[in-house]
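Going line by line, the protein sequences match chains A and B. Sequential numbering of the first sequence, starting at 1, is according to UniProt numbering. Sequential numbering of the second sequence, starting at 1, is according to UniProt numbering.
In short, the hints are calculated from the structure, not lab data. Not one of these hints is a red herring.
Heads up, the list lumps identical chains together, so a pair's fine if it works in one copy or across two of them.
Calculated pairs, DMTMM-like style, for lysine to aspartate or glutamate (alpha carbon to alpha carbon, straight line, at most 25 Å):
{"hint": "1", "residue 1": "Lys147", "residue 2": "Asp128"}
{"hint": "2", "residue 1": "Lys134", "residue 2": "Glu112"}
{"hint": "3", "residue 1": "Lys147", "residue 2": "Asp208"}
{"hint": "4", "residue 1": "Lys130", "residue 2": "Glu112"}
{"hint": "5", "residue 1": "Lys134", "residue 2": "Glu183"}
{"hint": "6", "residue 1": "Lys147", "residue 2": "Glu127"}
{"hint": "7", "residue 1": "Lys37", "residue 2": "Asp9"}
{"hint": "8", "residue 1": "Lys130", "residue 2": "Asp108"}
{"hint": "9", "residue 1": "Lys134", "residue 2": "Asp108"}
{"hint": "10", "residue 1": "Lys66", "residue 2": "Glu153"}
{"hint": "11", "residue 1": "Lys147", "residue 2": "Asp51"}
{"hint": "12", "residue 1": "Lys66", "residue 2": "Asp108"}
{"hint": "13", "residue 1": "Lys147", "residue 2": "Glu49"}
{"hint": "14", "residue 1": "Lys147", "residue 2": "Asp108"}
{"hint": "15", "residue 1": "Lys147", "residue 2": "Glu112"}
{"hint": "16", "residue 1": "Lys66", "residue 2": "Glu36"}
{"hint": "17", "residue 1": "Lys66", "residue 2": "Asp28"}
Protein chains: 2
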Amino acid sequence: MAYELYYWDGLQGRGEFVRLALEEAQADYVDVARGEKSAGLGIGAMISELDSRSGAYPPFAPPFLKDGDLLIPQTANILFYLGPKLSLAPRDEGLRYVANGLQMTIVDLVAEVHDTHHPIASGLYYEDQKHEAKARAADFLAHRMPKFLGYFERVLAQNPSGAQHMVGDALTYVDLSIFQIVEGLRYAFPKATNHLAERYPHVCALHDAVAVRPNIAAYLASPRRLPFNETGIFRHYPELDHATR
Amino acid sequence: MAYELYYWDGLQGRGEFVRLALEEAQADYVDVARGEKSAGLGIGAMISELDSRSGAYPPFAPPFLKDGDLLIPQTANILFYLGPKLSLAPRDEGLRYVANGLQMTIVDLVAEVHDTHHPIASGLYYEDQKHEAKARAADFLAHRMPKFLGYFERVLAQNPSGAQHMVGDALTYVDLSIFQIVEGLRYAFPKATNHLAERYPHVCALHDAVAVRPNIAAYLASPRRLPFNETGIFRHYPELDHATR
Chain A
1 MAYELYYWDG LQGRGEFVRL ALEEAQADYV DVARGEKSAG LGIGAMISEL
51 DSRSGAYPPF APPFLKDGDL LIPQTANILF YLGPKLSLAP RDEGLRYVAN
101 GLQMTIVDLV AEVHDTHHPI ASGLYYEDQK HEAKARAADF LAHRMPKFLG
151 YFERVLAQNP SGAQHMVGDA LTYVDLSIFQ IVEGLRYAFP KATNHLAERY
201 PHVCALHDAV AVRPNIAAYL ASPRRLPFNE TGIFRHYPEL DHATR
Chain B
1 MAYELYYWDG LQGRGEFVRL ALEEAQADYV DVARGEKSAG LGIGAMISEL
51 DSRSGAYPPF APPFLKDGDL LIPQTANILF YLGPKLSLAP RDEGLRYVAN
101 GLQMTIVDLV AEVHDTHHPI ASGLYYEDQK HEAKARAADF LAHRMPKFLG
151 YFERVLAQNP SGAQHMVGDA LTYVDLSIFQ IVEGLRYAFP KATNHLAERY
201 PHVCALHDAV AVRPNIAAYL ASPRRLPFNE TGIFRHYPEL DHATR
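Let the hints inform the model, and build the full structure from the sequences given.
Okay, structure coming up:
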């Protein structure tokens, strides 16, 4: 039976980290909210899961995954669940917790990227918190982005199996997520990421290696890959972007 | 061999969610950063793990746990790992992912609580972002806290095994974390949480049931339980707290 991925239509957002894993593995999946209402899909099908007043363990927010009767919420949790099934997790049990910890750190970074444009309230428009967004984005580019990327660079450099992968000696979902982080940061902050390859060579080499994997390249060229836009997590607001030292 | 918990000394913070699980299970553990330097413990021992320029898979930030050779970072990941070993996870495999998803949602709430006092930059003092903190805290109390607590209330009400536990029919680490959330929110926002028991009866009943468990009660009365203070996640700044509708 096909996996059912539930995430907002029209943006990459947090759902994209799951899509990349499903696409790399050529898994059979339905992107529920992007489907046709006549087929029982669409946003309504997702909202009814979120709003269920009777179902056991309803999800707090998208993305969530359904695999038969099991409903799994939270990006890193979905990937932890799918990883072994899609052959995108380390074979070693201990390293699976390492991968999970790295993915949760990526999730933390994604939340901080979101808050560069919504530092005060996720329910208000960007325009209503633009002043504060400038301050938060400046701090993000000066301190937080280098801290996270420097950390990922160090994890790659110190991987006992080599700097080609974040964990172990083979591709995992964490590598795919690093690709997405680099893509997203470059879209949102072209000036601040201008020297990314120079400063974080292993991170950027991993990004480039993922981009040319046949299944990923085919996905990126397909209509299934939504373009980045200003309703997602990574938003390009020129006033928030500037070159960093 | 004892588990080694690494977290900042002097504050409950994110480490407390792990401490509560270890204490409930009466597990053998060392709170490394709070130990004596002469015993090879203390903050220095933690910093050297964080700053390692040779170790495989260094952690990004505390808390992290060492179990023999395995180093496990990220609060929810540590609890996912420890849960089955401490008999604080559901026996059912599928429900373990449910528990993990709920714990990650608690982690998200904790990050939002942190940002009520640090909405612009975690590296700056509260006093330097007080104005923005007032705006973010007001939004948190009006929208985000009710959204999270209403969700947890719904999960309890809709638990097929009864409203005594977040997942399944027995105590899990998720229940312990809900206790800590209620404790923390009441400390930080006494006015805004004045009507908590009325609005979220299942959540508060769970909090009360955890508080009187013998191992938890003994821990709370011990010097191992640090008091809440204004260096942790849950901080009481009276100017950020106000009664809500």
